[in-house]
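*Asks:* Each residue of the sequence shown is one higher than the one before, counting from 199 in my numbering.
Heads up, a few of these hints could be off.
Stated by the list, open to error - Below, in silico cross-link-like pairs of lysine to aspartate or glutamate (EDC-like), each with a Cα-Cα straight-line distance of 16 Å or less:
1) K475 to E324
2) K440 to E367
3) K334 to E305
4) K334 to E435
5) K351 to E446
6) K360 to E435
7) K351 to E447
8) K334 to E465
9) K431 to E446
10) K231 to E295
11) K475 to E295
12) K475 to D235
13) K475 to D229
14) K360 to E445
15) K296 to E252
16) K317 to E340
17) K475 to D239
18) K231 to D321
19) K347 to D453
20) K475 to E305
21) K299 to D477
22) K289 to E305
Hints in this document: simulated from the structure, not taken from any laboratory.
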Amino acid sequence: RIFTAATIVPTGSRLVYRPGLIGLAKLRYADAKSKVDIWQDVAMLLTVTGSVPESVWEAATLIPPGNLDYDAEPDSQAVYAEVDSLFTKSKQYPSWEKELKTYLYQERPLNLWFSADPKLYSDPDEKEAAFRARLKQLMREERDLQIEKLRSKYASRFDTIKNRIRTAEDRVAREEAQYSDKKLSTFLSIGTTIFGAIMGRKVASATNVRKASSAARSVGRAAKEHDDIGRAKEALEIQHQKYAELEEEFQQELDQLEEPIRPEDLEIEAYPVRPRKSDLMVNEVSFVWLPWSVDPTGISQPLYRLEEE
199 RIFTAATIVP TGSRLVYRPG LIGLAKLRYA DAKSKVDIWQ DVAMLLTVTG SVPESVWEAA
259 TLIPPGNLDY DAEPDSQAVY AEVDSLFTKS KQYPSWEKEL KTYLYQERPL NLWFSADPKL
319 YSDPDEKEAA FRARLKQLMR EERDLQIEKL RSKYASRFDT IKNRIRTAED RVAREEAQYS
379 DKKLSTFLSI GTTIFGAIMG RKVASATNVR KASSAARSVG RAAKEHDDIG RAKEALEIQH
439 QKYAELEEEF QQELDQLEEP IRPEDLEIEA YPVRPRKSDL MVNEVSFVWL PWSVDPTGIS
499 QPLYRLEEE
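Assemble the whole structure, with the sequences as input and the hints as a guide.
*Replies:* So this is what it looks like as structure tokens:
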């Protein structure tokens, strides 16, 4: 077989066919954790200048299987390079097939990416940047759910304190109203007692003494009502303080959840999946001629394609 030249021979250079070795295989990558189960065609190409290397597949190049184009006939102007005698031994090719199978199993894993938290595996053809972007989106969605759960968690606690605040406010209003009534009643009682004493000119009469005693008790009750207002306001202030503390606690947790997610900071690791040995199939290992151009100074370059266009 002769590889097809993808480019023409430069002017002044000559076409040289050099010996090579092509290995074609089919690999299956199956992994339960990542839920990957795919087949891949593989082509390995070795160019030989001089002797065949001891480890042929380690020296070979992985090429896209779609680049395997062959000429029906050799170019009449081509020159053939010297061929190592190993290529002429038919028994050598089964050995190379076995070596290719071992090499592909050990050296050709399917490289995926893995995130432990949240648990996610990349797709077979997914690049690291794309995986990080997908991971960021997933984390953003999970974070939104956590924020909703957080709001729901604190909603009942906020409602409880709000109800306590309303109750405390009602108590303050009630105590202030009672104090106002008592203060007015006391004022009237004292005023009546004094007025009666002046008009009756009997300050120390039994009636006036009773009235004075009643007025004194009214003053005491008014003072107690005033103290009740202070205690009610203190209780209200305590509830306002609890509400402020709860708001601060909620905001701290919310701020932690709302921290920006930067793809480059996400922790991921390589997750290699080896080809399944029982399904690894070597379809072909064969000798090929590879077209090279060699200029008058001896500088050579391949004329066949090694990469996808």
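*Asks:* Now look at each hint and say whether the structure bears it out.
*Replies:* A quick look at each hint next to the structure:
For the given pair, K475 sits about 24 Å from E324 by alpha-carbon distance, which is inconsistent with the 16 Å threshold. With a C-alpha separation of about 15 Å, the suggested pair K440 and E367 falls inside the 16 Å cut-off, and the hint holds. With a CA separation close to 31 Å, the supplied pair K334 and E305 exceeds the 16 Å bound. Straight-line distance between C-alpha atoms of K334 and E435 comes to about 44 Å, which puts the hinted pair past the 16 Å bound.
Under the criterion of a C-alpha separation no larger than 16 Å, the hint pairing K351 with E446 is consistent with the structure, at around 15 Å. Between K360 and E435 the alpha-carbon distance is near 12 Å, which keeps this suggested pair within the 16 Å criterion. Restraint check for K351 and E447: the C-alpha separation of about 12 Å stays at or below 16 Å, so the hint holds. Of the supplied pair hints, the one linking K334 and E465 holds, its CA atoms being roughly 11 Å apart against a limit of 16 Å.
Our distance criterion of 16 Å between C-alpha atoms is broken by K431 and E446, whose separation comes to about 23 Å. Straight-line distance between C-alpha atoms of K231 and E295 comes to about 31 Å, which puts the hinted pair past the 16 Å bound. Proximity of K475 to E295 is assessed by CA-CA distance (about 14 Å); at most 16 Å being required, the pair is judged to hold. Distance hint between K475 and D235 is fulfilled; the C-alpha atoms sit about 14 Å from each other, no more than 16 Å.
Distance check on the hinted pair: K475 and D229 sit about 13 Å apart at the alpha-carbon level, within 16 Å; holds. Distance restraint check for K360 and E445: the Cα-Cα separation of roughly 12 Å lies within the 16 Å cut-off, and the hinted pair is therefore satisfied. Distance check on the hinted pair: K296 and E252 sit about 14 Å apart at the alpha-carbon level, within 16 Å; holds. At roughly 12 Å between alpha-carbon atoms, K317 and E340 fall within 16 Å of each other, so this suggested pair holds.
The hinted pair formed by K475 and D239 meets the criterion: a straight-line CA distance of about 15 Å does not exceed 16 Å. As the CA atoms of K231 and D321 are separated by approximately 12 Å, the hinted pair is consistent with the 16 Å bound. With a CA separation close to 14 Å, the supplied pair K347 and D453 stays within the 16 Å bound. Taken as a hint, the K475 and E305 pair is honoured in the structure, with Cα atoms around 12 Å apart against an allowance of 16 Å.
A hinted pair counts as satisfied when its Cα atoms are at most 16 Å apart, and K299 with D477 qualifies at roughly 11 Å. Note on K289 and E305: the hinted pairing is violated, with a Cα-Cα distance of about 25 Å set against a maximum of 16 Å.
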